[in-house]
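From first to last, the protein sequence lines stand for chains A and B. Count along the first sequence starting at 1, add 22, and that's the number in our numbering. Count along the second sequence starting at 1, add 45, and that's the number in our numbering.
Do not rely on the hints blindly, as some may be mistaken.
To be verified - Here are the simulated DSSO-like pairs of lysine-lysine, each with C-alpha atoms no more than 27 angstroms apart in a straight line: (1) B:K123 / B:K73; (2) B:K75 / B:K58; (3) B:K263 / A:K200; (4) B:K230 / B:K277; (5) B:K277 / A:K200; (6) B:K117 / B:K277; (7) A:K200 / B:K154; (8) B:K71 / B:K247; (9) B:K71 / B:K277; (10) B:K277 / B:K73; (11) B:K263 / B:K247; (12) B:K179 / B:K71; (13) B:K247 / B:K277; (14) A:K200 / B:K155; (15) B:K179 / B:K100; (16) B:K155 / B:K230; (17) A:K200 / B:K58; (18) A:K329 / B:K73; (19) B:K154 / B:K263; (20) B:K247 / B:K229; (21) B:K100 / B:K58; (22) A:K200 / B:K111; (23) B:K247 / B:K123; (24) B:K247 / A:K329.
Said to hold, decoys possible - Simulated coverage check for chain A against chain B, where a stretch passes if three residues somewhere in it have a Cβ under 8 angstroms from a Cβ of chain B: (25) 73-82; (26) 165-174.
Unchecked claim - Label pairs and their calculated CB-CB ranges: (27) A:S174 / B:G176: 54 to 62 angstroms; (28) B:G176 / A:I304: 45 to 53 angstroms; (29) B:D67 / A:Y153: 54 to 62 angstroms; (30) B:Y283 / A:L278: 55 to 63 angstroms; (31) A:M156 / B:V188: 53 to 61 angstroms.
If you're looking for bench data, these hints aren't it; they were derived computationally from the structure. Backbone N, C-alpha and C fix where the C-beta goes; we use that ideal spot for every residue, glycine too.
Here is how the chains run, residue by residue.
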Amino acid sequence: MAKVNRKISSRNIVAVILILLVGIIPLLLRSSFILRILTLYAIYIILAQAVNLLAGYTGYFNFGNAAFFGLGAYTTAVIIRSVGNIGLPLGMLCGAGLAATVALAFSPLFRLHGIFFGMATMFVNTIIREYIKMRSDLGGTYGIDVSLPGISFDIIWGSTYIFMVFVILMIYRFSISKIGRACKAIRDDELLAECIGIYPLRYKVAVFAISAAIAAIAGGFYLSIYQFISPSIVFDPVWSIQCLNMMLIGGEGTILGPIFGAIFFTTLSVTLVGLKELQMLIFAAIVIFVIAFAPGGFMGIYEGAIKIYRGEKKIEDIFKIPFLKKSRYIQK
Amino acid sequence: MRIMLEVVNVTHKFGGLYALQDVSFKLKEKSIMGLIGPNGSGKTTLINVISGIYKPVAGKILLEGKDITGLKPNDICKMGILRTFQIPRLFLRQTVLDNVMYGALFGRKKPVSLSEAREDSLYFLNFVGLGHKKNLMASQINVYERKMVELAMALNALPRVLLLDELVAGANPQEMLFCMEIVKKIRDEFGITILWIEHVMKAIMNVAETIVVLNFGKKIAEGSPKEIARNKEVIEAYLGAEYKIG
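Next up, chain A with everything else stripped away, as it sits in the complex:
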């Protein structure tokens, strides 16, 4: 069997250079404004990938992702308040650990499936949010201010970007790993997965915890650019539902899909700033279109286009438009 030496292929060198460039060029632009926006892009990409783990690859849609995002933000804030700047990385680590622990504590939720799991996870967010609101030592309903003197937006962008690249690489390795296969099986047909020797619970719980930890770290990065968090901000459903939507639009269960979805969503919200309703309208309309007619999202359309170009498929096969499809007697 021919061994492909992956380390030195020219494609990989180009990829590495591109990744380095995308990371470094913003630093040369010397604009805090741009750095903050780009960091927000990176945060959304990280979050979209976090939900992609549990939803896209394993088939469980967590509508309470904001809980972990907020837990990460709050833990980071609290630790910065105690120990200063070093609290940023320290707090994010602790936040990740706390979020993972909370996820493990809620693992009985996996007795529920489909939409019932989604509904129950929504309540996880409510529980955590209301608990934080009760804690006046955590700022109650007002929130927490932090100051990070000496940590410039350069550093914040750099670390967010590095973590984002790390997460993407992790998702890639996950998708081709044995665990990744088990999760895909659980997503595609959980009963069949059981019958072929898979024990779904351990994978679901593990992915839930990891997804939570990643979301928490994203929360820490969010804190670092805005330096103010409150329950209504960080526990807002946008961090759960819109992230799932990003993943859906881009292509669930793919590596690049959530990246495109997050970039699309963030661009929309950045260009149409102040027109929040219009943003949501456009985004929601696209989500509905994708779910109804192009469930593979952007990546699905892209790969379908390639197959059409190669003559392997026709347009009817990519989009689920009823009147274009020839009648199918056998389902699916």
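Chain B: place on chain A using the hints.
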């Protein structure tokens, strides 16, 4: 000859409806047993009970003497009992080869490497005659091909017992003959014990060594294919009491 699988007084009901009533029989090691009966007689329910999807209301399933009643499907798979489904189930968002790989990667008692799993997957795919479709999506192949891929996935787990649920339903005559051949090969070359639910009489009567007949959840006959074909109760069950033969 050892007894590989034993069904002991198995009773199962759904609400008030008895799907299985006091069904018992023994499966000899490395044999092919046919399970037939009219629609609704409880054949698939029995397979679901053996494979762990249902825990029977009463009765036991013994694997080589060991009680495996009520174990979950994944445990039963690891103990060496694999089954196929009446309406074939596959991981439709993945390729044919990836589907078969699951048998080796998760279904076996001992873990294997990815390359070994791939090798074996290709072997079993070729065994069922679908090696040339290994890179197609599972959603792109037809029902018969899906049954074959399901069979390859099950064989890939190296089972000791194989429960087949209507393997040749919908197969054309060539495919049926092919299936009859490979089921015999599965017994002879791999030494697997087979319980085969089937409606296509030509396939099962010519391959099975023993036949068990269910009707309304009860076992009404057990014997060789010849005996079963002449059994009055069996004929009545399929054709009704007014039908008389010679």
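Evaluated hints:
no.	hint	result
1	B:K123 / B:K73	20 angstroms, holds
2	B:K75 / B:K58	30 angstroms, violated
3	B:K263 / A:K200	43 angstroms, violated
4	B:K230 / B:K277	32 angstroms, violated
5	B:K277 / A:K200	53 angstroms, violated
6	B:K117 / B:K277	38 angstroms, violated
7	A:K200 / B:K154	16 angstroms, holds
8	B:K71 / B:K247	23 angstroms, holds
9	B:K71 / B:K277	23 angstroms, holds
10	B:K277 / B:K73	26 angstroms, holds
11	B:K263 / B:K247	23 angstroms, holds
12	B:K179 / B:K71	37 angstroms, violated
13	B:K247 / B:K277	19 angstroms, holds
14	A:K200 / B:K155	15 angstroms, holds
15	B:K179 / B:K100	36 angstroms, violated
16	B:K155 / B:K230	24 angstroms, holds
17	A:K200 / B:K58	38 angstroms, violated
18	A:K329 / B:K73	50 angstroms, violated
19	B:K154 / B:K263	34 angstroms, violated
20	B:K247 / B:K229	15 angstroms, holds
21	B:K100 / B:K58	10 angstroms, holds
22	A:K200 / B:K111	31 angstroms, violated
23	B:K247 / B:K123	33 angstroms, violated
24	B:K247 / A:K329	43 angstroms, violated
25	73-82	violated (count 0)
26	165-174	violated (count 0)
27	A:S174 / B:G176: 54 to 62 angstroms	59 angstroms, holds
28	B:G176 / A:I304: 45 to 53 angstroms	48 angstroms, holds
29	B:D67 / A:Y153: 54 to 62 angstroms	55 angstroms, holds
30	B:Y283 / A:L278: 55 to 63 angstroms	57 angstroms, holds
31	A:M156 / B:V188: 53 to 61 angstroms	57 angstroms, holds
Going through the hint list in order, the structure does not satisfy hints 2, 3, 4, 5, 6, 12, 15, 17, 18, 19, 22, 23, 24, 25 and 26.
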